[in-house]
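Engineer: As a plain string of letters, each chain reads:
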Amino acid sequence: MNQLKSVRTVDNGGHQSESWTREPPAIVSSLFKGGAGLIAVLTVLFLVVPLVWLCLWPTADDLKEAAFSSMLWDAMKISFITSTLSTFLVICFGGVLAFMLARYQFRGKMIVDTLVDLPMVLPPMVTGLALLILFGRNGPLGNWLWNHGMALPFTVTAVVIAQVFVSLPFFIRAARAGFESVDRRLETASLLLGASKARTFIKITVPLVWPTLLAGAILAWARCLGEFGATIVFAGNFQGVTQTMPLAIFEALQANLGVAIALSIVLLFVSFCLVMLLKFVIGGAGVTHS
Amino acid sequence: MSQLKNVPAVDSGGRQLKNWILVSAATSLQYSFLEAGKIFESDHPGTKIAFNFSGSNQLANQIEQGAPVDIFASADMSLLKQLAGNNLTTENSVLAKNKLTVVVANNAKMKIEGLADLAKKGVRIIVADSQVPAGRYARQILQKADQAGSYGADYSLHVLGNIVSEELDLRMMAMKVAFGEADAGIIYVSDMAGEVRNKVRTIAIAEHLNVTATYGIAIVKSSAHPGIAKAFYDFLLSPEGQQILTKNGLLSAQTK
Numbered sequence: 404m405n406q407l408k409s410v411r412t413v414d415n416g417g418h419q420s421e422s423w424t425r426e427p428p429a430i431v432s433s434l435f436k437g438g439a440g441l442i443a444v445l446t447v448l449f450l451v452v453p454l455v456w457l458c459l460w461p462t463a464d465d466l467k468e469a470a471f472s473s474m475l476w477d478a479m480k481i482s483f484i485t486s487t488l489s490t491f492l493v494i495c496f497g498g499v500l501a502f503m504l505a506r507y508q509f510r511g512k513m514i515v516d517t518l519v520d521l522p523m524v525l526p527p528m529v530t531g532l533a534l535l536i537l538f539g540r541n542g543p544l545g546n547w548l549w550n551h552g553m554a555l556p557f558t559v560t561a562v563v564i565a566q567v568f569v570s571l572p573f574f575i576r577a578a579r580a581g582f583e584s585v586d587r588r589l590e591t592a593s594l595l596l597g598a599s600k601a602r603t604f605i606k607i608t609v610p611l612v613w614p615t616l617l618a619g620a621i622l623a624w625a626r627c628l629g630e631f632g633a634t635i636v637f638a639g640n641f642q643g644v645t646q647t648m649p650l651a652i653f654e655a656l657q658a659n660l661g662v663a664i665a666l667s668i669v670l671l672f673v674s675f676c677l678v679m680l681l682k683f684v685i686g687g688a689g690v691t692h693s
Numbered sequence: 020m021s022q023l024k025n026v027p028a029v030d031s032g033g034r035q036l037k038n039w040i041l042v043s044a045a046t047s048l049q050y051s052f053l054e055a056g057k058i059f060e061s062d063h064p065g066t067k068i069a070f071n072f073s074g075s076n077q078l079a080n081q082i083e084q085g086a087p088v089d090i091f092a093s094a095d096m097s098l099l100k101q102l103a104g105n106n107l108t109t110e111n112s113v114l115a116k117n118k119l120t121v122v123v124a125n126n127a128k129m130k131i132e133g134l135a136d137l138a139k140k141g142v143r144i145i146v147a148d149s150q151v152p153a154g155r156y157a158r159q160i161l162q163k164a165d166q167a168g169s170y171g172a173d174y175s176l177h178v179l180g181n182i183v184s185e186e187l188d189l190r191m192m193a194m195k196v197a198f199g200e201a202d203a204g205i206i207y208v209s210d211m212a213g214e215v216r217n218k219v220r221t222i223a224i225a226e227h228l229n230v231t232a233t234y235g236i237a238i239v240k241s242s243a244h245p246g247i248a249k250a251f252y253d254f255l256l257s258p259e260g261q262q263i264l265t266k267n268g269l270l271s272a273q274t275k
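Protein chains in written order, with the numbering used here: chain L, 404 to 693; chain W, 20 to 275.
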């Protein structure tokens, strides 16, 4: 362990002061570094080895069967369309809310803040159930829709609703932090120079928070791609309509483990690229992240 | 979605503790197995039967990947043959039979009186996915109906066209019908043994159109307690065990 040595010094006026030297003995330091290094390596291995093994597991036949299955391409299409649309909706609605949370003080803000985070900790199945009993044909909203000739469960709209619900907090958190970090003096200067509020927002605020917004949007998109529990409960499973990649993987799991894993690899690869893109965006903007 | 009931105590090495066995069983066996487990435990003080209910295919996958399971009960005999072929089980037997039934919500939005109504335009039907045994049986029933010609030659085409979801969990499927989100579904008769029967009604499928699902049971070779496993296996196949199964909507192993 790192040991800090207390050093007492007496200054010219005879006052005692205490300071801490930041230099531990060399042996302790290298032991500490070695220990930390070991933990770091083990942690990375813990995260990486299962995924590497996943990629090595299927046979060439499994991969071929997965690649030529209509299931894969249908699910990729549905996943791509729904998660992109969901992310767009999340940006529009979540962006406004994030801005308000960052800039305005209002009564009950703490409660709104907590509620917005709730979908992150809620088991997705519970989300699906909640959506089903509200938007279902016998739910208060669903019943009204049904009387107007619409039913949401088992439709692609239900897939999007489930995705928006679960991914909103990811975007809102990022966007809010972004809006809070903007140096308000720049906006004030723009307003003083005669620019309108809207022009200031578009020309000053948005360019400043742009990387954070993009990072939040990519996170939300990735969450949409991985969404399973709420979708299977609320939107059901039908190839070419509501069957997204995670549902296709679950279906394949009922028949052929190899094909299920091959499909997982595709999803893993797409997610990896998304997260890499995220790092690139954040890194490129010079924003530090914790 | 696997549900672990009474998860067995496991020591730090991951070994199951004394006198515990883990039974992996198809979801449609849940009611009868929970009851049989309780009776077996009271007949054999000190033993504990833990259950892992899920889709048969998924359970077979888990056993092939080395899950510490003692008994496997499948809704599909072919999975048992597959495990036996891979030398993963010691003995196996036919456990029970099951039939399928159409289930309709009490508050269904469409009037469904008989099998013919499933082909009506706008009926929202959910069935099990074709990858799971119940889904295959449902499609076989539709094909038989086509061949019999009772409901017209395109019957199965119309019914398949009304399917809004291919569910992977039969319990969830029954729940969705009970909620009235789907107008009708095709499930196992034994799935009606639970609380769901208060919210739905069944429409029997004629004998000549119905399919008989054959359930099998096997003792897993790597069982840490083959003695207890064998005793529970024998209990389920005994007249007393079979009676518990039939009480919960299944048919006995001897049914033709």
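Hints are not guaranteed to be accurate.
Below, computed lysine to any residue pairings styled on SDA-like, alpha-carbon distance capped at 20 Å [what the hints assert, rightly or not]:
| hint | chain 1 | residue 1 | chain 2 | residue 2 |
| --- | --- | --- | --- | --- |
| 1 | W | K249 | W | K118 |
| 2 | W | K140 | L | I536 |
| 3 | W | K218 | L | I536 |
| 4 | W | K130 | L | G552 |
| 5 | W | K128 | L | T558 |
| 6 | W | K100 | W | S241 |
| 7 | W | K116 | W | M211 |
| 8 | W | K128 | L | G552 |
| 9 | W | K139 | L | P543 |
| 10 | W | K218 | L | N541 |
| 11 | W | K130 | L | M553 |
| 12 | W | K139 | L | A554 |
| 13 | W | K128 | L | N541 |
| 14 | W | K67 | W | E83 |
| 15 | W | K128 | L | K606 |
| 16 | W | K275 | W | S241 |
| 17 | W | K118 | W | S271 |
| 18 | L | K606 | L | I536 |
| 19 | W | K140 | L | H551 |
If we take Cβ atoms under 8 Å as the criterion, some of the chain W residues that face chain L in the derived model are [stated by the list, open to error]:
| hint | residue |
| --- | --- |
| 20 | N76 |
| 21 | L107 |
| 22 | I145 |
| 23 | E186 |
| 24 | G199 |
Per the computed footprint, the stretches of chain W lying under chain L, defined by three or more beta-carbons under 8 Å from a beta-carbon of chain L, are [said to hold, decoys possible]:
| hint | region |
| --- | --- |
| 25 | 179-185 |
| 26 | 256-263 |
Everything labelled a hint here was simulated from the structure, so no lab data went into it.
These numbers were taken from a predicted model, which means no experiment stands behind them.
Virtual Cβ for every residue (Gly too), placed ideally from N, Cα, C.
Engineer: State for each hint whether it applies.
Structural biologist: Here is what the structure says about each hint:
1. Among the hinted pairs, K249/W with K118/W is inconsistent with the structure: their alpha-carbon atoms are about 27 Å apart, more than 20 Å.
2. Simply put, K140/W and I536/L have alpha-carbon atoms about 25 Å apart, too far for the 20 Å limit, and the pair is violated.
3. A threshold of 20 Å between alpha carbons decides the hint, and for K218/W with I536/L the separation of about 15 Å falls inside it, so the pair holds.
4. With a CA separation close to 17 Å, the supplied pair K130/W and G552/L stays within the 20 Å bound.
5. The suggested pairing of K128/W with T558/L holds, with an alpha-carbon distance near 17 Å, which does not exceed 20 Å.
6. For a cut-off of 20 Å, the pair hint linking K100/W to S241/W stands: about 17 Å separates their Cα positions.
7. Note on K116/W and M211/W: the hinted pairing holds, with a Cα-Cα distance of about 15 Å set against a maximum of 20 Å.
8. Of the supplied pair hints, the one linking K128/W and G552/L holds, its CA atoms being roughly 12 Å apart against a limit of 20 Å.
9. Of the pairs offered as hints, the one joining K139/W and P543/L is violated, with about 27 Å between alpha carbons and a cut-off of 20 Å exceeded.
10. With a CA separation close to 13 Å, the supplied pair K218/W and N541/L stays within the 20 Å bound.
11. Distance check on the hinted pair: K130/W and M553/L sit about 18 Å apart at the alpha-carbon level, within 20 Å; holds.
12. About 18 Å separates the Cα atoms of K139/W and A554/L, which keeps this hinted pair within 20 Å; it holds.
13. Among the hinted pairs, K128/W with N541/L is consistent with the structure: their alpha-carbon atoms are about 9 Å apart, no more than 20 Å.
14. Between the alpha carbons of K67/W and E83/W the distance comes to roughly 24 Å, so the proposed pair goes past 20 Å and is violated.
15. Proposed proximity of K128/W and K606/L is contradicted: the alpha carbons are some 53 Å apart, above 20 Å.
16. Proximity of K275/W to S241/W is assessed by CA-CA distance (about 32 Å); at most 20 Å being required, the pair is judged violated.
17. Distance hint between K118/W and S271/W is fulfilled; the C-alpha atoms sit about 11 Å from each other, no more than 20 Å.
18. Under the criterion of a C-alpha separation no larger than 20 Å, the hint pairing K606/L with I536/L is inconsistent with the structure, at around 44 Å.
19. Using a Cα cut-off of 20 Å, the hinted pair K140/W and H551/L holds, with the two alpha carbons roughly 18 Å apart.
20. With a least beta-carbon distance of about 4 Å to chain L, the hint placing N76/W at the interface is held under the 8 Å criterion.
21. With a least beta-carbon distance of about 14 Å to chain L, the hint placing L107/W at the interface is violated under the 8 Å criterion.
22. Given the 8 Å rule on beta carbons, the hint for I145/W holds: about 7 Å separates it from the nearest Cβ of chain L.
23. Because the closest C-beta pair between E186/W and chain L is about 6 Å apart, less than 8 Å, the hint holds.
24. Annotation: interface hint on G199/W holds; nearest CB of chain L at approximately 5 Å, less than 8 Å.
25. For the region 179-185 of chain W, the stated coverage by chain L holds: 4 residues have a C-beta nearer than 8 Å to a C-beta of that chain, and at least 3 were required.
26. For the region 256-263 of chain W, the proposed coverage by chain L is not satisfied: 0 residues have a C-beta within less than 8 Å of a C-beta in that chain, short of the threshold of three.
In terms of the numbered hints stated before, the structure departs from hints 1, 2, 9, 14, 15, 16, 18, 21 and 26, listed from lowest to highest.
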